[in-house]
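Undergrad: What follows is each chain in one-letter form.
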Amino acid sequence: EIVMTQSPGTLSLSPGETATLSCRASQAISSNYVAWYQQRPGQAPRLLVYGPSSRATGIPDRFSGSGSGTDFTLTISRLEPEDFAVFYCQQYGSSPYTFGQGTKLEIK
Amino acid sequence: QVQLQESGPGLVRPSETLSLTCTVSNFSISSNFFWGWVRQPPGKGLEWIGSIFHFGTTYSNPSLKSRVVMSVDTSKNHFSLSLSSVTAADTALYYCARRHYASGLLDYWGRGLLVTVSS
Chain X
1 EIVMTQSPGT LSLSPGETAT LSCRASQAIS SNYVAWYQQR PGQAPRLLVY
51 GPSSRATGIP DRFSGSGSGT DFTLTISRLE PEDFAVFYCQ QYGSSPYTFG
101 QGTKLEIK
Chain A
1 QVQLQESGPG LVRPSETLSL TCTVSNFSIS SNFFWGWVRQ PPGKGLEWIG
51 SIFHFGTTYS NPSLKSRVVM SVDTSKNHFS LSLSSVTAAD TALYYCARRH
101 YASGLLDYWG RGLLVTVSS
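Sequence lines, in order, name chains X and A.
So the first sequence is residues 1 to 108, counted in the numbering used here.
So the second sequence is residues 1 to 119, counted in the numbering used here.
Don't take every hint at face value.
[To be verified] Okay, derived cross-link-like pairs now, DSS-like style, lysine-lysine, Cα gap no bigger than 27 Å in a straight line: (1) X:Lys-104 x A:Lys-44; (2) X:Lys-108 x A:Lys-44; (3) A:Lys-65 x A:Lys-76; (4) A:Lys-65 x A:Lys-44.
[Unchecked claim] Chain X regions said to be covered by chain A (calculated; three or more residues, Cβ under 8 Å): (5) 39 to 46; (6) 94 to 101.
None of these hints come from the bench; they were simulated from the model.
Every value quoted in this text rests on a predicted model; they were computed, and no experiment measured them.
Each residue gets a CB set at the ideal place from its N, CA and C atoms; glycine is no exception.
Model the full structure from these sequences, guided by the hints.
TA: Next up, the structure:
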């Protein structure tokens, strides 16, 4: 099983700033199949970015994904109030598909 | 817009079987996608449970495989999850989701259903 480790656990930023979230895999991810999901309180996860740099339908270009091998990054530029939530990375190349433990992005 | 909705009992007794159904709207469950389940214990992260194709092919998390049974009913456009011999550790929000055929990417999710295991 591939273990996904996210950092930091919590990120405190202000609207307008840029957030950089990291995800490291315990082994290289097949075809760089890493996705990022946003989960707002009381809501289901929402697919943001996958593959690792393709945006899902309706996701603004402020969200961008990058990385390869074992290290992946989600960057959110020009933070807006609705962006503050918990973010999960997932490797979806090798079963069992595994998630990171999450990064909480909170308003500073 | 693809929509998924979980249904089932919110309370299950220890050692019994948890049974959930996910009804899919605005999209045929017989299309070239898998249909999956993910759970989230209160205040914790996400755990992939497993997924099923409409032909009946299934993939399950090895940590749960011995207790998981999944099925599809194409006539009702829904799929189901059964998890046997539940304990308090199975208390979680259970989500159903659409999974891409060639990978584990989950692009549409239900709103989730809280299932509590308690006597």
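Undergrad: Hint by hint, note whether the structure agrees.
TA: These are the hints, each one checked on the structure:
1. X:Lys-104 x A:Lys-44: The hint holds at about 12 Å.
2. X:Lys-108 x A:Lys-44: holds (23 Å)
3. A:Lys-65 x A:Lys-76: holds (25 Å)
4. A:Lys-65 x A:Lys-44: holds (21 Å)
5. 39 to 46: With 4 residues closer than 8 Å to chain A, the stretch 39 to 46 of chain X meets the three-residue bar; holds.
6. 94 to 101: Coverage by chain A holds here, the residue count being 7 at a Cβ distance below 8 Å.
The structure fails none of the hints (numbered hints given earlier).
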